[in-house]
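Colleague: Each protein sequence line maps, in turn, to chains A and B. So that you can map any letter, position 316 of the first sequence is 423 in this note's numbering, and since no number is skipped, the others follow by simple counting. So that you can map any letter, position 303 of the second sequence is 410 in this note's numbering, and since no number is skipped, the others follow by simple counting.
No lab work stands behind these hints: they were computed from the structure. Just so you know, these numbers come straight off a predicted model, no measurement behind them. C-beta atoms are modelled at their ideal positions from N, C-alpha and C, and glycine is treated no differently. Check before you lean on any hint, since a few could be wrong.
[What the hints assert, rightly or not] Which residues of chain B face chain A? A partial, calculated answer using Cβ under 10 angstroms:
hint, residue
1, Asp149
2, Arg230
3, Trp245
4, Glu255
5, Asp379
6, Gly383
7, Gln491
8, Ala500
[What the hints assert, rightly or not] Just a few of them, taken from the derived set where beta-carbon distance is under 8 angstroms, the chain A residues facing chain B:
hint, residue
9, Thr233
10, Gln235
11, Val237
12, Ala240
13, Val253
14, Ala290
15, Arg360
16, Leu384
17, Pro440
18, Thr464
19, Gln491
2 protein chains.
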Amino acid sequence: MDHYSGLVRSTPEITLPLRLDADAAVPLPAQVASQLRTLIADAVVAPGEAVPSSRALATHLQVSRGTVVAAYDQLLAEGYLSATPGGSTTVNPQLRRVLPGPPRPPRPAPLQPLPRLDLRPGRPWTRQLVSPAWKAAWRDAASSPVDEPVPPLGLSALRSAWTDHLRRMRAVVRDPGQIAVTAGGREGLALLLTALGDRLDPGRQNEQVSTGLTGGIGPVDSHPPRGTTGERRPLRVGVEEPGYPSLRRVPARLGASVVPFPVDDRGLQTDDLPTGLAAPDVLLVTPSHQYPLGGSLPVDRRQALLEWARANRVVVIEDDYDSELRYTSGPLPALAALDDPADGRVVLLGTLSKILTPALAVGFLALPDWLVPDVEATRHDLGQPVGLVAQRAVAGYLASGALRLHTQRMRNRYRRRRAQVVAALADVPGLHVYPMDGGLHAVVESDRPEAEVVAELAAAGVWVSPLSQYWSGSGTRQGIVFGFGSVNSEDLDRGLALIAAAVNPEPS
Amino acid sequence: MDHYSGLVRSTPEITLPLRLDADAAVPLPAQVASQLRTLIADAVVAPGEAVPSSRALATHLQVSRGTVVAAYDQLLAEGYLSATPGGSTTVNPQLRRVLPGPPRPPRPAPLQPLPRLDLRPGRPWTRQLVSPAWKAAWRDAASSPVDEPVPPLGLSALRSAWTDHLRRMRAVVRDPGQIAVTAGGREGLALLLTALGDRLDPGRQNEQVSTGLTGGIGPVDSHPPRGTTGERRPLRVGVEEPGYPSLRRVPARLGASVVPFPVDDRGLQTDDLPTGLAAPDVLLVTPSHQYPLGGSLPVDRRQALLEWARANRVVVIEDDYDSELRYTSGPLPALAALDDPADGRVVLLGTLSKILTPALAVGFLALPDWLVPDVEATRHDLGQPVGLVAQRAVAGYLASGALRLHTQRMRNRYRRRRAQVVAALADVPGLHVYPMDGGLHAVVESDRPEAEVVAELAAAGVWVSPLSQYWSGSGTRQGIVFGFGSVNSEDLDRGLALIAAAVNPEPS
Numbered sequence: 108m109d110h111y112s113g114l115v116r117s118t119p120e121i122t123l124p125l126r127l128d129a130d131a132a133v134p135l136p137a138q139v140a141s142q143l144r145t146l147i148a149d150a151v152v153a154p155g156e157a158v159p160s161s162r163a164l165a166t167h168l169q170v171s172r173g174t175v176v177a178a179y180d181q182l183l184a185e186g187y188l189s190a191t192p193g194g195s196t197t198v199n200p201q202l203r204r205v206l207p208g209p210p211r212p213p214r215p216a217p218l219q220p221l222p223r224l225d226l227r228p229g230r231p232w233t234r235q236l237v238s239p240a241w242k243a244a245w246r247d248a249a250s251s252p253v254d255e256p257v258p259p260l261g262l263s264a265l266r267s268a269w270t271d272h273l274r275r276m277r278a279v280v281r282d283p284g285q286i287a288v289t290a291g292g293r294e295g296l297a298l299l300l301t302a303l304g305d306r307l308d309p310g311r312q313n314e315q316v317s318t319g320l321t322g323g324i325g326p327v328d329s330h331p332p333r334g335t336t337g338e339r340r341p342l343r344v345g346v347e348e349p350g351y352p353s354l355r356r357v358p359a360r361l362g363a364s365v366v367p368f369p370v371d372d373r374g375l376q377t378d379d380l381p382t383g384l385a386a387p388d389v390l391l392v393t394p395s396h397q398y399p400l401g402g403s404l405p406v407d408r409r410q411a412l413l414e415w416a417r418a419n420r421v422v423v424i425e426d427d428y429d430s431e432l433r434y435t436s437g438p439l440p441a442l443a444a445l446d447d448p449a450d451g452r453v454v455l456l457g458t459l460s461k462i463l464t465p466a467l468a469v470g471f472l473a474l475p476d477w478l479v480p481d482v483e484a485t486r487h488d489l490g491q492p493v494g495l496v497a498q499r500a501v502a503g504y505l506a507s508g509a510l511r512l513h514t515q516r517m518r519n520r521y522r523r524r525r526a527q528v529v530a531a532l533a534d535v536p537g538l539h540v541y542p543m544d545g546g547l548h549a550v551v552e553s554d555r556p557e558a559e560v561v562a563e564l565a566a567a568g569v570w571v572s573p574l575s576q577y578w579s580g581s582g583t584r585q586g587i588v589f590g591f592g593s594v595n596s597e598d599l600d601r602g603l604a605l606i607a608a609a610v611n612p613e614p615s
Numbered sequence: 108m109d110h111y112s113g114l115v116r117s118t119p120e121i122t123l124p125l126r127l128d129a130d131a132a133v134p135l136p137a138q139v140a141s142q143l144r145t146l147i148a149d150a151v152v153a154p155g156e157a158v159p160s161s162r163a164l165a166t167h168l169q170v171s172r173g174t175v176v177a178a179y180d181q182l183l184a185e186g187y188l189s190a191t192p193g194g195s196t197t198v199n200p201q202l203r204r205v206l207p208g209p210p211r212p213p214r215p216a217p218l219q220p221l222p223r224l225d226l227r228p229g230r231p232w233t234r235q236l237v238s239p240a241w242k243a244a245w246r247d248a249a250s251s252p253v254d255e256p257v258p259p260l261g262l263s264a265l266r267s268a269w270t271d272h273l274r275r276m277r278a279v280v281r282d283p284g285q286i287a288v289t290a291g292g293r294e295g296l297a298l299l300l301t302a303l304g305d306r307l308d309p310g311r312q313n314e315q316v317s318t319g320l321t322g323g324i325g326p327v328d329s330h331p332p333r334g335t336t337g338e339r340r341p342l343r344v345g346v347e348e349p350g351y352p353s354l355r356r357v358p359a360r361l362g363a364s365v366v367p368f369p370v371d372d373r374g375l376q377t378d379d380l381p382t383g384l385a386a387p388d389v390l391l392v393t394p395s396h397q398y399p400l401g402g403s404l405p406v407d408r409r410q411a412l413l414e415w416a417r418a419n420r421v422v423v424i425e426d427d428y429d430s431e432l433r434y435t436s437g438p439l440p441a442l443a444a445l446d447d448p449a450d451g452r453v454v455l456l457g458t459l460s461k462i463l464t465p466a467l468a469v470g471f472l473a474l475p476d477w478l479v480p481d482v483e484a485t486r487h488d489l490g491q492p493v494g495l496v497a498q499r500a501v502a503g504y505l506a507s508g509a510l511r512l513h514t515q516r517m518r519n520r521y522r523r524r525r526a527q528v529v530a531a532l533a534d535v536p537g538l539h540v541y542p543m544d545g546g547l548h549a550v551v552e553s554d555r556p557e558a559e560v561v562a563e564l565a566a567a568g569v570w571v572s573p574l575s576q577y578w579s580g581s582g583t584r585q586g587i588v589f590g591f592g593s594v595n596s597e598d599l600d601r602g603l604a605l606i607a608a609a610v611n612p613e614p615s
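Kindly produce the complete structure, drawing on both the sequences and the hints.
Modeller: Take a look at the structure:
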């Protein structure tokens with residue numbers, strides 16, 4: 108065996124990804140030292156954190172203890188590590204002052220040190236979620252017998268609770284038979300795309316080309332039995348540009364081709380949507396609150412979108428991620444409310460990630476009738492990922508009215524935070540704060556290069572996201588996106604002062 | 108401003124989407140009345156539900172209170188609304204009789220009538236699962252704060268608990284860093300196949316063909332960045348023939364091509380496995396307890412399988428679905444125990460479906476090191492489907508020792524049921540009962556045509572599965588498969604008497 112590697116746990120908190128090559132020209136102690144240096148510089152191991160004992164690391168890497176001791180001695184001498192009075196070895200706590208701020212990796216590492224102030228967008232305030240109603244819902248769910256079968260689309264109690272939620276909060280009237288329980292927004296999207304992909308068999312595709320019919324997916328299709336060859340063209344999925352990167356990655360992972368559709372400050376541009384064979388199979392939109400720019404799609408564009416989807420047999424997925432959180436006025440009703448529940452084009456993608464927590468991992472799809480059998484068959488084959496206890500608990504929590512109460516409380520909380528943002532940034536010269544009628548994040552465009560702003564803030568311990576990352580290609584606007592949901596008032600003020608200073612190209 | 112709109116809360120329960128146009132020819136009170144009529148007719152507001160107070164609605168729409176009062180008066184006169192003795196205004200409760208009910212879509216009900224005796228295989232005894240330890244695990248999980256982030260591969264407490272479980276129950280030593288938390292067996296399989304599919308880019312595939320190298324998947328591959336075109340050849344997944352239909356459907360759903368590999372009474376036949384470009388990318392096996400025939404793969408075949416997988420760069424997925432349930436002797440160690448944890452070929456697919464309940468929907472993958480980054484990146488993009496509370500609860504349940512206790516209890520229970528099966532069917536002429544060293548089901552081959560047996564039993568209220576359905580093509584054996592896990596002793600005796608009568612071609 109010429110590779111030693113391991114994910115080594117040192118304390119309950121930390122794990123070191125090291126990979127040694129016994130055949131390399133570089134001696135093993137130098138390999139350990141070099142890789143640790145990189146981990147420290149990349150902030151994978153934070154100043155003050157303990158590294159594994161030399162014995163533990165040596166055991167796991169299957170090298171001699173002397174190899175690890177030599178590497179540690181070198182790093183102690185260099186000041187990367189320091190020995191504590193208790194005898195353990197930690198990353199030098201003083202490094203905070205020396206190292207540049209953590210560079211933002213293209214993909215966040217699984218274990219990142221806690222930043223001093225994490226204002227990356229998308230995270231709600233969760234400290235008030237564990238209420239008596241929450242605990243009671245889970246207690247009741249776990250006390251009941253578990254021999255109840257879980258249907259592929261979910262427990263009927265939960266599906267009914269979702270229809271009630273949709274009707275009250277979004278004016279969308281659906282039957283429980285049209286609801287599919289999901290493990291959150293991305294899981295629901297993956298389920299739907301998998302079900303839709305099965306409708307695209309090559310036979311049908313060729314037939315369309317030869318007959319000149321348009322492509323697309325619709326209720327009149329026959330559903331061919333799936334063969335065992337698996338050959339099919341990839342699904343074409345349109346996404347908003349700029350848009351939500353984490354939802355854009357789902358179709359890419361599933362082998363779909365992802366096509367950007369431009370948005371402006373009012374949302375998706377509907378003037379020039381491609382038709383016929385150039386139309387996508389699926390279009391993913393955020394009509395209530397475009398992510399990240401914040402626009403609410405006007406009624407005329409909604410109508411144009413639905414007409415286009417009908418004519419070109421496109422399935423429109425409405426990502427309704429945070430419409431409960433509006434501060435200035437009510438949102439327009441959901442796009443799904445304008446659509447026909449039986450043979451319509453809109454699938455509403457519902458989630459509690461923003462209003463409760465992404466860690467709950469429960470959401471739903473609201474489907475037109477004609478799509479229900481396909482989604483149900485896909486779920487039957489792939490399995491329902493949300494367990495019985497979790498489904499019961501969420502159903503009980505919704506039925507108790509606790510979600511509505513929590514939503515109201517959070518809306519008030521976020522409204523105050525939003526006011527703080529406006530107050531702090533409204534008069535700063537050289538920047539443009541986008542209107543924030545809802546949601547948990549703010550977008551600030553600035554004349555100063557975005558990379559400088561993000562890096563300067565990171566160096567000050569404030570984590571924000573660069574605006575350009577929301578474009579699949581190169582971004583056409585520069586700025587930052589930051590969340591104001593998960594922090595308290597004092598931390599937000601502190602962050603805003605730093606943001607104002609960093610964004611302003613000519614500080615006074 | 109020429110639009111007034113709002114999602115107006117009337118009581119804590121209800122929100123009304125109204126949108127007024129100050130420039131329209133229709134007076135504002137008539138607009139309010141007309142839109143409310145539509146909402147009532149569409150069942151967005153249900154009979155008996157309170158509407159907002161006129162003051163509250165006027166404030167939110169930014170119109171005079173008189174406008175709303177006029178609209179309400181009109182609707183009171185028309186009978187859409189009624190005034191309550193308490194002074195609030197509700198939708199007329201009598202409307203229930205007038206308005207059509209929400210249209211029920213013409214879909215078959217998801218719930219099938221309960222059969223008199225469901226002996227379809229695969230279901231465990233769940234009535235003893237809800238123990239004090241079970242309830243305590245969920246209670247503790249739901250009482251803790253929910254602001255802990257859930258890493259893509261799962262909570263470290265649960266990943267550690269799985270390694271402990273693997274080591275104690277299966278003699279497989281793995282590091283928590285090699286464990287991925289899944290929402291059960293099928294979800295874990297889908298995750299792994301999605302991650303592996305991304306390794307098959309067309310560039311690499313063509314290169315192999317032109318250079319004559321073998322196909323397959325291995326640690327030395329570079330991992331090409333995913334483009335947005337999504338073009339790639341389907342993954343080739345080998346499955347046992349006969350085998351577990353529900354796992355075979357997962358690769359088919361994901362667009363993989365499914366290739367059958369013959370098994371005999373000792374498990375997978377390893378003499379003539381295809382090599383080079385004819386080898387599959389992935390092979391799914393049940394070495395501990397072949398499903399459904401029951402064989403345990405002998406050591407020489409295990410070694411041949413691993414050698415072949417190494418030489419042909421095949422990923423072997425070990426479906427370890429019920430190895431805890433052995434009655435006659437201990438199981439052979441898992442195939443994964445023979446494999447190299449760092450650069451080996453075996454992924455162990457773990458589940459609690461058979462030992463606890465499929466409704467829990469929690470399992471794990473144990474991965475060789477080289478596959479961890481791909482699976483983690485896939486999970487990062489698609490999201491972790493198991494929520495924080497469920498992960499904590501399962502971790503707590505495992506750590507408490509309750510799973511081991513439950514397993515022991517169930518093993519004793521199922522051993523008694525198995526003895527009932529053997530006693531009832533051993534001396535029936537014309538049939539062959541397969542050896543059942545473990546598991547929750549029995550296989551009975553019979554001279555009588557299987558369709559007749561299944562139909563006769565169904566007519567008597569006993570549900571079993573036909574043996575031939577475990578072949579992807581036409582089955583080469585005829586008989587029935589039935590479960591003995593989820594029934595009590597009396598019901599099983601009753602079912603066995605009916606089975607013996609139905610299977611016997613010449614009843615005495």
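Colleague: Hint by hint, note whether the structure agrees.
Modeller: How the hints compare with the structure:
Hint status for aspartate 149 (chain B): holds, given a least beta-carbon distance of 6 angstroms to chain A, under 10 angstroms. Residue-level restraint check for arginine 230 (chain B) holds (minimum Cβ-Cβ distance to chain A is 9 angstroms; threshold 10 angstroms). A least Cβ separation of about 3 angstroms between tryptophan 245 (chain B) and chain A falls short of the 10 angstroms threshold, and the interface hint therefore holds. With a least beta-carbon distance of about 7 angstroms to chain A, the hint placing glutamate 255 (chain B) at the interface is held under the 10 angstroms criterion.
Annotation: interface hint on aspartate 379 (chain B) violated; nearest CB of chain A at approximately 21 angstroms, more than 10 angstroms. Because the beta carbon of glycine 383 (chain B) sits about 20 angstroms from the nearest beta carbon in chain A, more than 10 angstroms, this interface hint is broken. Annotation: interface hint on glutamine 491 (chain B) holds; nearest CB of chain A at approximately 7 angstroms, less than 10 angstroms. Given hint, alanine 500 (chain B) at the interface with chain A, holds; its Cβ is 7 angstroms from that chain's nearest Cβ, closer than 10 angstroms.
Look at threonine 233 (chain A): its Cβ gets to within about 4 angstroms of chain B, closer than 8 angstroms, so that hint holds up. Look at glutamine 235 (chain A): its Cβ only gets to about 10 angstroms from chain B, farther than 8 angstroms, so that hint breaks. The beta carbon of valine 237 (chain A) comes within 6 angstroms of a beta carbon in chain B, closer than 8 angstroms, and the hint placing it at the interface holds. The closest approach between the C-beta of alanine 240 (chain A) and any C-beta of chain B is roughly 11 angstroms, which is over the 8 angstroms cut-off, so the hint fails.
With 8 angstroms as the threshold, the beta carbon of valine 253 (chain A) comes within range of chain B, its nearest partner Cβ sitting at about 5 angstroms, so the hint holds. With a cut of 8 angstroms, the hint placing alanine 290 (chain A) at the interface with chain B holds, because the nearest CB-to-CB distance is about 3 angstroms. Hint status for arginine 360 (chain A) relative to chain B: holds, with the closest Cβ pair at about 5 angstroms, below 8 angstroms. Because the smallest distance between the Cβ of leucine 384 (chain A) and any Cβ of chain B comes to about 17 angstroms, over 8 angstroms, the interface hint for this residue is violated.
The interface hint given for proline 440 (chain A) is met, as the beta carbon of that residue sits about 4 angstroms from the closest beta carbon of chain B, less than 8 angstroms. With a least beta-carbon distance of about 5 angstroms to chain B, the hint placing threonine 464 (chain A) at the interface is held under the 8 angstroms criterion. Interface hint status for glutamine 491 (chain A): upheld, as the beta-carbon distance to the closest one in chain B is roughly 7 angstroms, under 8 angstroms.
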